[in-house]
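Student: Dock chain B against chain A, hints included.
Protein chains in written order, with my numbering: chain A, 1 to 133; chain B, 1001 to 1329.
Source of the hints: derived by calculation from the structure; they are not laboratory data. Wrong hints could be hidden among the right ones.
Quick list of the computed label-pair ranges, beta carbon to beta carbon [as the list claims (entries may be wrong)]:
1) Val61/A <-> Ala1210/B: 48 to 56 Å
2) Cys1269/B <-> Thr77/A: 42 to 50 Å
3) Arg1193/B <-> Gln57/A: 35 to 43 Å
4) Gln1305/B <-> Thr77/A: 21 to 29 Å
5) Thr77/A <-> Ile1154/B: 28 to 36 Å
6) Asp68/A <-> Gln1235/B: 37 to 45 Å
Simulated pairs of lysine to aspartate or glutamate, EDC-like, Cα-Cα distance not exceeding 20 Å [said to hold, decoys possible]:
7) Lys1108/B <-> Asp1160/B
8) Lys1300/B <-> Glu81/A
9) Lys103/A <-> Asp49/A
10) Lys1086/B <-> Glu115/A
11) Lys1108/B <-> Glu1024/B
12) Lys1086/B <-> Asp68/A
13) Lys1086/B <-> Asp56/A
14) Lys121/A <-> Asp1308/B
15) Lys1086/B <-> Asp43/A
16) Lys1300/B <-> Glu5/A
17) Lys1063/B <-> Asp1022/B
18) Lys1236/B <-> Asp1275/B
19) Lys1253/B <-> Asp1308/B
20) Lys1300/B <-> Glu18/A
21) Lys1086/B <-> Glu42/A
22) Lys1004/B <-> Asp1308/B
23) Lys122/A <-> Asp1308/B
24) Lys121/A <-> Glu11/A
Where is the CB? At the ideal position from N, CA and C, for every residue including glycine.
Single-letter residue listing:
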Amino acid sequence: MYFTENMTGQEQVSTIYEGGAAVGIRIRVKNPTLGMSLSRLEDFSVQVDRTLYPADQITFVLRGIHYDFQTMQTVATVRWEFGEWAELLVPRPGGLGVVGNRKLEVSIGFRMGFENIQWRKKSFLVSAIGETL
Amino acid sequence: MAIKRGVSLYSYQKEYFNGRIDLEGMVALVASSAQATGIQLLPEQMPIGAYPHAYDRDVAWWKELMAKYGTEPVCLDSTFSTAIYKGRLATGEEQRQIIEDELNYAAKFGFKAIRYPLGNLHRQVMEESLSLAEEYGVSIGMEIHVPMTMDAPIVQKFLDMIERTGTKYASIIPDLAIYSRGVNTIAVQNYLRAGARQELVDEACRMYAAREKPGAILALAERFAASPLEQEFLQKAARGTNDVVEHLRPYVKYISNVHGKCYWLDESCTEPGIDTEGVVQLLKEEGYEGYICTEYEGVKASMPQYADEIDEIEQVRRHHVLLRRLIGE
Chain A
1 MYFTENMTGQ EQVSTIYEGG AAVGIRIRVK NPTLGMSLSR LEDFSVQVDR TLYPADQITF
61 VLRGIHYDFQ TMQTVATVRW EFGEWAELLV PRPGGLGVVG NRKLEVSIGF RMGFENIQWR
121 KKSFLVSAIG ETL
Chain B
1001 MAIKRGVSLY SYQKEYFNGR IDLEGMVALV ASSAQATGIQ LLPEQMPIGA YPHAYDRDVA
1061 WWKELMAKYG TEPVCLDSTF STAIYKGRLA TGEEQRQIIE DELNYAAKFG FKAIRYPLGN
1121 LHRQVMEESL SLAEEYGVSI GMEIHVPMTM DAPIVQKFLD MIERTGTKYA SIIPDLAIYS
1181 RGVNTIAVQN YLRAGARQEL VDEACRMYAA REKPGAILAL AERFAASPLE QEFLQKAARG
1241 TNDVVEHLRP YVKYISNVHG KCYWLDESCT EPGIDTEGVV QLLKEEGYEG YICTEYEGVK
1301 ASMPQYADEI DEIEQVRRHH VLLRRLIGE
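Just chain A, with the same shape it has in the complex:
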């Protein structure tokens, strides 16, 4: 679907630096479905090549507020709106790693109904420039 295809992409990926060292990657993601409370995100993950980062390793950032996945599941009053940007902060020492193409997949499950989870996945290639620790 158009909105899933355009929820993120290579231009939305950047490196997180701390003290001059690359410690992770930041991926901006637009909500591709209806706006909903954070508690209705069933699950999400980021995969970089063969390394999977599940939701409990990722920090979700909305309007500057940082959430861990466990907390998000209790937040029924903060909504991530359709078309609104959020950020996924993925701990990954070295950032994207050695020079070359990395395959990224961002996957988010939106709970539309009790047993109706809509999975939105976007895979794309990103060029790593070779950040180091």
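Tutor: Chain B in isolation, oriented as in the chain A frame:
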């Protein structure tokens, strides 16, 4: 009085998603491009203020907006999700609170009806909410949506409830996609463009229009040794709903709004896939004086690689040329 025309702002969702337009921009388009007066809104997608809260400053802003463009709120759409928390459904009390919040939101912003997908809202909870609906002056409208037909048991049970209770605050909202006389035109165009064979597509379309059973359409896969792409098309072709328009006639009195679903209108402003003509004629004959709100869904129906080319604003404009022609404005 005649049938009135409105637009669901959902129709402009690609423009909104891409940040090229905001609520005011869409309302302005309804007035200027579609030359319509009714506004249908899915606040879960495009909230006014802080949905589901209706703060006075947002209400004042919205009312000024409606006055500025000569428009009026018609129908608020809700998906009524009961899946707020992982692992459990919302309790009965939580469900009633959702409904009350939405009735309050609708009433404050001036919407006369709320659309709920028939099936999402438990009938008992809905019946218990009728007195609240009356208190807020907002009708609870159940959407008759694909794959339902008017004679489906779930629809008939709801209609029976309206008749049994005599309520004026429960209604139906037919979505015109249930009158899909042809296979979705966007799908036909996309799959042909992506490489599906013309003869397979033509045969599936012919069978669909002749109301042949889904199984027969799917069986074309074997006859044509269909590729995976073609099989995907056959799945879509078999899934449409082509209800008999006449079956709507006895229930026109219960309609609070009509969702004018459309997918693709050509330069002559006709929608080949949906029997808009038949429905408008029947509504005119029955003296319906409510709104038909365009619900353009071509972008969602399209393969992503072709969706960028779609001009939602022009498609909505064309749908209103069609509606004006059919209504006789």
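Student: All hints, please: hold or fail.
Tutor: Consistency of the hints with the structure:
Taken as a hint, the range 48 to 56 Å holds for the pair Val61/A and Ala1210/B, whose Cβ atoms sit roughly 54 Å apart. Cys1269/B and Thr77/A have their C-beta atoms about 44 Å apart, which keeps the hinted 42 to 50 Å range intact. Evaluation of the 35 to 43 Å hint for Arg1193/B and Gln57/A yields a pass: the beta carbon distance comes to about 41 Å. Between Gln1305/B and Thr77/A the C-beta distance comes to about 38 Å, which lies outside the given range of 21 to 29 Å.
For Thr77/A paired with Ile1154/B, a C-beta distance near 32 Å keeps the hint of 28 to 36 Å intact. A C-beta distance of roughly 40 Å is found between Asp68/A and Gln1235/B, which places it inside the suggested range of 37 to 45 Å. At roughly 30 Å between alpha-carbon atoms, Lys1108/B and Asp1160/B are farther apart than 20 Å, so this suggested pair is violated. Of the pairs offered as hints, the one joining Lys1300/B and Glu81/A holds, with about 18 Å between alpha carbons and a cut-off of 20 Å not exceeded.
At most 20 Å may separate the alpha-carbon atoms for a hinted pair to count; Lys103/A and Asp49/A meet this at roughly 5 Å. Annotation: proposed proximity of Lys1086/B to Glu115/A holds, straight-line Cα distance about 10 Å (limit 20 Å). Restraint check for Lys1108/B and Glu1024/B: the C-alpha separation of about 18 Å stays at or below 20 Å, so the hint holds. A distance of roughly 15 Å separates the Cα atoms of Lys1086/B and Asp68/A; the hinted pair therefore holds under the 20 Å criterion.
For the hint pairing Lys1086/B with Asp56/A, the CA-to-CA distance comes to about 15 Å; that is within 20 Å, so the pair holds. Restraint check for Lys121/A and Asp1308/B: satisfied, since their Cα atoms lie roughly 19 Å apart, inside the 20 Å limit. A C-alpha spacing of about 10 Å is found between Lys1086/B and Asp43/A, which places the hinted pair at or below 20 Å, so the restraint holds. Distance hint between Lys1300/B and Glu5/A is fulfilled; the C-alpha atoms sit about 11 Å from each other, no more than 20 Å.
A C-alpha spacing of about 16 Å is found between Lys1063/B and Asp1022/B, which places the hinted pair at or below 20 Å, so the restraint holds. Under the criterion of a C-alpha separation no larger than 20 Å, the hint pairing Lys1236/B with Asp1275/B is consistent with the structure, at around 18 Å. As the CA atoms of Lys1253/B and Asp1308/B are separated by approximately 40 Å, the hinted pair breaks the 20 Å bound. Our distance criterion of 20 Å between C-alpha atoms is broken by Lys1300/B and Glu18/A, whose separation comes to about 41 Å.
Of the pairs offered as hints, the one joining Lys1086/B and Glu42/A holds, with about 7 Å between alpha carbons and a cut-off of 20 Å not exceeded. A hinted pair counts as satisfied when its Cα atoms are at most 20 Å apart, and Lys1004/B with Asp1308/B does not qualify at roughly 31 Å. This hinted pair checks out: Lys122/A and Asp1308/B have alpha carbons roughly 17 Å apart, not beyond 20 Å. A hinted pair counts as satisfied when its Cα atoms are at most 20 Å apart, and Lys121/A with Glu11/A qualifies at roughly 17 Å.
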